[in-house]
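Enquirer: Letter by letter, the chains look like this.
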Amino acid sequence: MTTQTETPTTPAPGSTAEEKIQQLRDLFADAPEIGKRALENVLGELTSQVAEPRYRVESAGRVGVRLGNVSELTMIFPFAPGGAKRLRAFLQLLNGNLDGANKVGSLHDMRFVFLDNDTKLLFCTAFDGEWDPYIDDFATKIPDYLDILDCALEGWPGIRSPEAKDYLASHQINAEGWYVAHPDLTVAEITRLKRVGAAADEFLDKVSE
Amino acid sequence: MQLVDRLGELPRSPVTIELDDIQATVLRYRPEPYYGTHVMLHVDDARAGREFVRRLTPHVDSAAGWWGAGQAWTSIAISYSGLVALGLPQDSLDSFPEAFRVGMAERADRLRDHGLNDPRNWEHPFGTGQIHIGVSVFSDSEDTWRDALQTARQQYEGFAGVTVLMTQDFGAQPGDLNPLGYKDSIGQPAIEGCGVDSLPGQGRPIKAGEFILGYPGEAGVPLPMPRPDALGRNGTYAGLRKYQSRVATFNRFLREHAETEPERELLAAKLVGRWRSGAPLTLAPVDDDPALGADPHRNNDFTYAADPHGRQVPLGSHMRRMNPRDTTMAQLADVNVHRIIRRSTTYGAPYDPAATSERDDEVARGLYFIFLSAKAMATLEFLQQEWVNNGNFMNLGDERDPNIGLQEEGATFTIPRKPVRRRIHGIETFNVLRGGEYFFMPSLSALRWIANSGER
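Chains A and B, in that order, are what the protein sequence lines are. Residue 14 in our numbering sits at position 14 of the first sequence; the count goes up by one each step and never skips. To convert, take the position in the second sequence, counting from 1, and add 1000; that gives our numbering.
Calculated pairs, PhoX-like style, for lysine-lysine (alpha carbon to alpha carbon, straight line, at most 25 Å):
| id | chain 1 | residue 1 | chain 2 | residue 2 |
| --- | --- | --- | --- | --- |
| 1 | A | Lys194 | B | Lys1418 |
| 2 | A | Lys206 | B | Lys1418 |
| 3 | A | Lys165 | A | Lys120 |
Computed footprint of chain B on chain A, listed as stretches where at least three residues anywhere in the stretch have a Cβ under 8 Å from a Cβ of chain B:
| id | stretch |
| --- | --- |
| 4 | 96–105 |
| 5 | 127–136 |
| 6 | 139–150 |
| 7 | 159–173 |
| 8 | 181–195 |
Hints in this document: simulated from the structure, not taken from any laboratory. Keep in mind it's a predicted model, so treat the numbers as computed, not measured. For every residue, glycine included, the Cβ atom is placed at its ideal position computed from N, Cα and C.
Use the sequences and the hints to build the structure in full.
Expert: Printed below as a string of structure tokens:
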């Protein structure tokens, strides 16, 4: 399921900031007056942000976008019959707390949201790098957890199946906008910096005694 | 020398894979000493190409009794454009994975082959799609190598429809050392059902399906395989990467960052995880132990249990990156699904410890690195992205593999020490990629199937 659509009014890739601004002004011509005024108020600031981004939004591999080291993953799946109930019961057993995902080592956050009267699942995560290189590892290291979660989904082939990557990728939707506070910091790097910070504090405590 | 002669009594286990149908190169270890030649061929005419495959196949050795085999052997592998040129049925062609079909050069982004390693800088004919068939001869003596090569040559020389694009001799290096002066190709994965149990330090045998098509892999199911089974089963994929070794850049790095000869040798060992003799730093942390390096019973027999922080073998060293063994990694990973069989072959001038000039960097000298796996393309992409050109999995940020990584301006290499680590700034790219290809290495019965495929 791919839902990103390119309308004829979307600026072509590679168009200049001026062209994009002109396009935006054209589209805002029909916008409510408050929207038009707001756009003019911030256009100056926006132009400089666009001209000098801290990081560029890049592809996160097959699907998804990445800022620095951190990628977004957004997926919408139809539930299999009974799947929503099973998944909710499993998540409730954990009291909705997915702290066990810590052992994957590359996940910044993760959420499961049930949509449209429990007929669809929205799954979102922010993670380091690309996800599909590690699918083989998940299939041998944590296959049961993935199959418990994903057997709730219509058509899930099983994590050990060679089709698993294609199945997941076909349900992924690119985010149109993406923000990360520290695009250079992976989960591993954050953990390391916390350790370095604690050691530095200990050192400073000692020299200041 | 045969593996049994090198190791004496081998730990045997039952054979559960069809060794007599699998090509010898898949299981036979590189001989000691080793001599050989890689020949790259172009198929001008499908019928002639198939006839060449038919003529060569009886001279391609199987892996039967591989542990005791000592004579020269010949292998054959075919690229995707080669399979097309040989006129394979479209349904078969379509059944190969995408990365194989488009070829290594086309996957440069996924492989992080940028800058110096960019396919635009590769040597002809790599990356052009012109390489259709690779024939390799391996041997443990100069005479048997020449005989086997002569036999292979008779099948294509003066044979209209098949053209030789390049011929590259390899091996015959003093002490079998690689172009940077190290003993190499020490640790290989143990493979279940191949007839030999794990050698000391190899870890548990890995499911055969990770290396040979048609058998269950580590996840318990066979990996996807080309159609029909007669073509795919007992075959595997081979990747080839041609590296030019910048020996002078490497020597200057050692001189700039270590003052005395022993310090330089220790630094050289820290980059790789082994002394040049092959002795691992886990077992010889302070001084080289050439006897240990030369002893195949002991030189790979270790874990990292007593070295979790990398004070012996740095977390970022080449050996530890390529096979982290029992290292606790920052990201969930299964070391057994990213292993490759390596048949590394050194070509050109031997390592020269006195080389320091820019000209020395371009003296023809390097590696034809060959790796085999039932998912060679996916594994190479994983390794290049995650374990070679990245350091995150070992808590090393952006640091890269000191041996085969592509280093960026100001790159660092961390050597864990007590009380504080040493971080070396300005490590450079020591091995530059100059070419690469993916090949399918069919079983012997699949070679006959290919030879006959025009008749269907």
